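Residues per chain, in single letters:
Protein chains: 2
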Amino acid sequence: MDINNYLHEKRDLVDAFFKKYYSRSHIPAVLQEAMLYSLFAGGKRVRPILALASYETCGGNPLDIVPYASSLELIHTYSLIHDDLPAMDNDDLRRGKPTNHRVYGEAIAILAGDALLTDAFAILADPSFSSGITPSNLLFALREVAFASGLDGMVAGQVQDILSEKKEPDTDTLFFIHTRKTGALLRASVRMGPILFGSNQEVLDALSTYGEHVGLAFQVIDDILDIEGSTEELGKSIGSDEKIKKMTYPRLYGIQKSKDIAEHLIADAHEALSIFGSEADTLREIADYILMRRS
Amino acid sequence: MDINNYLHEKRDLVDAFFKKYYSRSHIPAVLQEAMLYSLFAGGKRVRPILALASYETCGGNPLDIVPYASSLELIHTYSLIHDDLPAMDNDDLRRGKPTNHRVYGEAIAILAGDALLTDAFAILADPSFSSGITPSNLLFALREVAFASGLDGMVAGQVQDILSEKKEPDTDTLFFIHTRKTGALLRASVRMGPILFGSNQEVLDALSTYGEHVGLAFQVIDDILDIEGSTEELGKSIGSDEKIKKMTYPRLYGIQKSKDIAEHLIADAHEALSIFGSEADTLREIADYILMRRS
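Chains as they are written, first to last, in numbering that gives the first Met the number 0: chain W, 0 to 294; chain A, 0 to 294.
No lab work stands behind these hints: they were computed from the structure.
Remember, it's a predicted structure, so these values are computed and weren't measured experimentally.
It is possible that part of the hints are untrue.
Just so you have them, the derived chain A footprint on chain W, three or more residues with Cβ under 8 Å [to be verified]: (1) 14-28; (2) 38-50; (3) 153-161.
Just so you know, even glycine gets a beta-carbon here, dropped at the ideal spot from N, CA and C.
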């Protein structure tokens, strides 16, 4: 299997679902337009793909859970729109395009984010998207996604991130921010597979550990790319973390040590998959892809 | 039954649930503090009370669904925080206290709203809060709340409200805004009762109609109170709609005709309850309370 083909193919499934889900016109038009602007701004669909691959590893057919996996991208997209706002990171550029509020204004950007978050839960609460998933498992998955996104997850990470700007980085705070702000939803994405499939505790635990390590590695590499990447590759301004003195791994450990940490995390992610045979090969390749990515 | 006692008693149940639910300290502390600041700013808990009364009308014990009913107040509170933001209505005062962003700043206010919205769904997805509700009915209720809150509900209403500022009011746009921005969640609150109880379609339809009329009446009366109420009674600046030329019923119809419309809507709400006997008396009294309220 070529991992790039796999990623491409799964991304197309997610995009096709969104096109269908949002094919009906909603009023007022500008709201849906603002939502779709950010949703189709070139995201890699990493979270949905992790959920699909994880479901496949458990023995399921990924085609059966595309809507549920896609809901993760709605939450990711809402978080980017709100993070970019003037009151937060005040970013003008995201994935090579003007940020949502630069195009639609702050009010619509905030509300587009709110609606994307809400739609994620509307989709996760709809059993008609799949015949094979029990209502109980669907509730379990939805609860996981909510916990990963809210007061103990992504929002907490974003608040701590803001509070920590311009402060000297320390290990505990940095770990808190990265595991909440990015790690929690990535972990929940991986856990969605075994939860929807109804896997046993051993499988759920192994994939949770994989998700934790991959999730943290993802953000450490993001920090590195913010320094080493090029604007063309990243589609956003380079050095933006440094500009507002974000708490990052390179700021605390330097570039080389940060790279070592990311490599160790990916090695630990591989280790967590040791209970699986070749059925986890895709997850292994995704871990390596996350380590090697340039954007 | 004294309706004021009933409202008081049910409000205490909701408040007690929130105190328990948020009794654990979350990090960073300021996020939870900002959430609780608005959650305990003196809300009347109209939406949870409608859900509890509706569940009782269907034959259920309201004590069995307090967490699910309370989740509606989390969504209402999030919407108030975001509506008050400088980019939206730019309000300084809400229920007699400085608005969330005036106390915590815009970034924290936006994120506190996000976390409240997310928690609503986390609670609705948790079957451990009640033994008698089936997972399917819980998913149904959650989906209803999500639809009422998002792209086809509350958020759409708020976007249209913003787009319509300073424009001449017309019947269709006004109806659109009021039924989406306020009506949709109030209707969903009433529908939560029969949905969680598993009532038949006739009961669900009757209560939906009741909820629609009560929901629209609620906002028409809000418009009137914004002109006729006093700052002490309302806890917010009077005439704030007029100041930013909001599209309201009094602006289109004048005060007296708006009052007539509200009275008709409440009469229609009563009519919708005609399939019920005395078991719907509480809902009848709540409809009258909504018509007569001064804040």
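Legend entry - Whether chain A covers the stretch 14-28 of chain W (at least 3 residues having a Cβ closer than 8 Å to its Cβ atoms): holds (count 3)
Legend entry - Coverage of the stretch 153-161 of chain W by chain A, judged on three or more residues with CB within 8 Å: holds (count 6)
Inset, instruction - Three residues minimum, CB to CB under 8 Å: does the stretch 38-50 of chain W make the cut for coverage by chain A? Let me know. - result: The restraint on the stretch 38-50 of chain W is violated, since only 0 of its residues have a Cβ under 8 Å from chain A and three are required.
In summary, the structure is inconsistent with hint 2 from the numbered list given earlier, while agreeing with all the others.
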